[in-house]
Amino acid sequence: MEDIYAELLQKTAQGDQLAFKKLYEECSPKLMSLCLRLMRSETLAEDVLQEGFIKIWDKADSFTPGKGRAITWMSTVVRNKGLDKLRSLKTKAPETEIEYEGLEFASSDLEPDKLENLSQDVKGLMACLDQLKPAQRECILLSYYYGHTHQELADKLGKPLGTIKAWIRRGLEDLRPCLT
Amino acid sequence: MSNIEKNSLTRYQNPEVFEQLAIEYAVGSLHGRARKRFEVLMDTHFYLQAVVDAYEHKFANLVELLPEEKPSDKVWQNIEAHISANPTEATHQLNQPQATPWWKTSLFNQGFGIAFMALVVAGALFLNPMTGGPVATAYSAVMESENNETMAVTKVVQSDMKLSIDIMKPMKIDDNMQLTLWCHPKNGGMPMKMGTVSSKGKTDIKISKAEWKNMKDVGMLAVSIEHKGDTSVREPKGKIILKGLLHIEHVKS
Chain A
454 MEDIYAELLQ KTAQGDQLAF KKLYEECSPK LMSLCLRLMR SETLAEDVLQ
504 EGFIKIWDKA DSFTPGKGRA ITWMSTVVRN KGLDKLRSLK TKAPETEIEY
554 EGLEFASSDL EPDKLENLSQ DVKGLMACLD QLKPAQRECI LLSYYYGHTH
604 QELADKLGKP LGTIKAWIRR GLEDLRPCLT
Chain B
12 MSNIEKNSLT RYQNPEVFEQ LAIEYAVGSL HGRARKRFEV LMDTHFYLQA
62 VVDAYEHKFA NLVELLPEEK PSDKVWQNIE AHISANPTEA THQLNQPQAT
112 PWWKTSLFNQ GFGIAFMALV VAGALFLNPM TGGPVATAYS AVMESENNET
162 MAVTKVVQSD MKLSIDIMKP MKIDDNMQLT LWCHPKNGGM PMKMGTVSSK
212 GKTDIKISKA EWKNMKDVGM LAVSIEHKGD TSVREPKGKI ILKGLLHIEH
262 VKS
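Respectively, the protein sequence lines represent chains A and B.
Here our numbering is used: the first residue of the first sequence is 454, the next is one more, and so on.
Here our numbering is used: the first residue of the second sequence is 12, the next is one more, and so on.
What the hints contain is simulated information worked out from the structure, not anything from laboratory work.
Quantities reported herein were computed from a predicted structural model and do not represent experimental measurements.
There could be a bad hint or two in this list.
[Unchecked claim] With a Cα cut of at most 27 Å, we get these calculated DSS-like pairs of lysine-lysine:
| # | chain 1 | residue 1 | chain 2 | residue 2 |
| --- | --- | --- | --- | --- |
| 1 | B | Lys227 | A | Lys538 |
| 2 | B | Lys85 | A | Lys512 |
| 3 | A | Lys508 | A | Lys464 |
| 4 | A | Lys508 | B | Lys47 |
| 5 | B | Lys47 | B | Lys211 |
| 6 | B | Lys227 | A | Lys512 |
| 7 | B | Lys81 | A | Lys464 |
| 8 | A | Lys475 | B | Lys81 |
| 9 | A | Lys538 | B | Lys81 |
| 10 | A | Lys567 | B | Lys81 |
I would like the entire structure built from these sequences, with the hints used as guidance.
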């Protein structure tokens, strides 16, 4: 599948502000969605998104087409900014500020029209995740999207800490061969 | 280095251990001191960073599934104010030695296998001298044992003028022997001897301008076991224990 954002990112690397703006307009809604789930505060999410896009501007020349899609490169930049911010805050914003709980958007039973629009990369990843036990899959996705710690997952799911750790560890062990 | 640090390092050099930690780090389930400890190690051992990058980019595909949420207009206004105040930052970096570690732009897509071959092909097409296109600023190779086990990662970076090889899994060799690294030309002929390599951990080898220039003609790296102190050896006499294709890691326009 053609990487529709790669060209914009390459132009950004050459200092093309119009290309960067277009890239922002196209990609920021997905990345904001990720920031909101990680940070659970609109203010913090927008801070992270802003810092992430400034880093994308500064480091755009690190992206090389053909070695990965532009959107995954940008997602990684922004998510790492979010995780750094979470760590610096020590405590997360209360979940009451923004209620994002579920994983419906990542359901393995997506409607055909939604499924059709997904890239092969994400379809492949979903197929790997679908091989896991439902509890393992849920813990891994909650860790990724919400940045939950083991303890937070234990509290959220009402399971012992040891069980959560085992689910994640075994889930990732099972996932590794499929990902490589 | 204390015994505890040594033990910790040995543990992280075990592919089974670091692969699991890398995937946990990438998904975000490695927390607290363990996460910090892993980050410190990533700074000094580029194979850890390479494996993490590979997994991070795999998981990053999950973002595609998220519903869209439009940020407020002020976010772009702040970004625009920043980049307008620093209009040359991005373009300036194009003319600088590559500051981003090579592994940041490599290995991240599929791990060590198919993607590497794809990159080699893509790189070869992209850098065909007939096109007058960009030139390489870094090369890398993943080196494997006879059993096709990934044993070492090698990088050659123009800005540093050095070749670095990181042996991920310590190798046992007799006391009177040493490991020697060779660069084999694509079109055959005598290999270029690069120097002695430690049997574990990272070794940096300074390279000359001529050696850097020759890198574009190198097809394969190899590590052989040679007798210690035999400086006269001009080509591998001992057994080749590691091999890996050299490919272009980064280019400048």
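Evaluated hints:
For the proposed pair lysine 227/B and lysine 538/A, the alpha carbon gap of about 42 Å is over 27 Å, so the pair is violated. Our distance criterion of 27 Å between C-alpha atoms is met by lysine 85/B and lysine 512/A, whose separation comes to about 22 Å. Straight-line distance between C-alpha atoms of lysine 508/A and lysine 464/A comes to about 15 Å, which keeps the hinted pair within the 27 Å bound. Note on lysine 508/A and lysine 47/B: the hinted pairing holds, with a Cα-Cα distance of about 21 Å set against a maximum of 27 Å.
In summary, the hint linking lysine 47/B to lysine 211/B is supported, as the alpha carbons are separated by about 24 Å, within the 27 Å threshold. For the hint linking lysine 227/B to lysine 512/A, the alpha-carbon distance of about 26 Å falls within 27 Å, and the restraint holds. Proposed proximity of lysine 81/B and lysine 464/A is supported: the alpha carbons are some 23 Å apart, at most 27 Å. Between lysine 475/A and lysine 81/B the CA atoms are separated by roughly 14 Å; this keeps the pair inside 27 Å, and the hint holds.
A threshold of 27 Å between alpha carbons decides the hint, and for lysine 538/A with lysine 81/B the separation of about 21 Å falls inside it, so the pair holds. Straight-line distance between C-alpha atoms of lysine 567/A and lysine 81/B comes to about 20 Å, which keeps the hinted pair within the 27 Å bound.
Consistency with the previously given hints fails for number 1 only.
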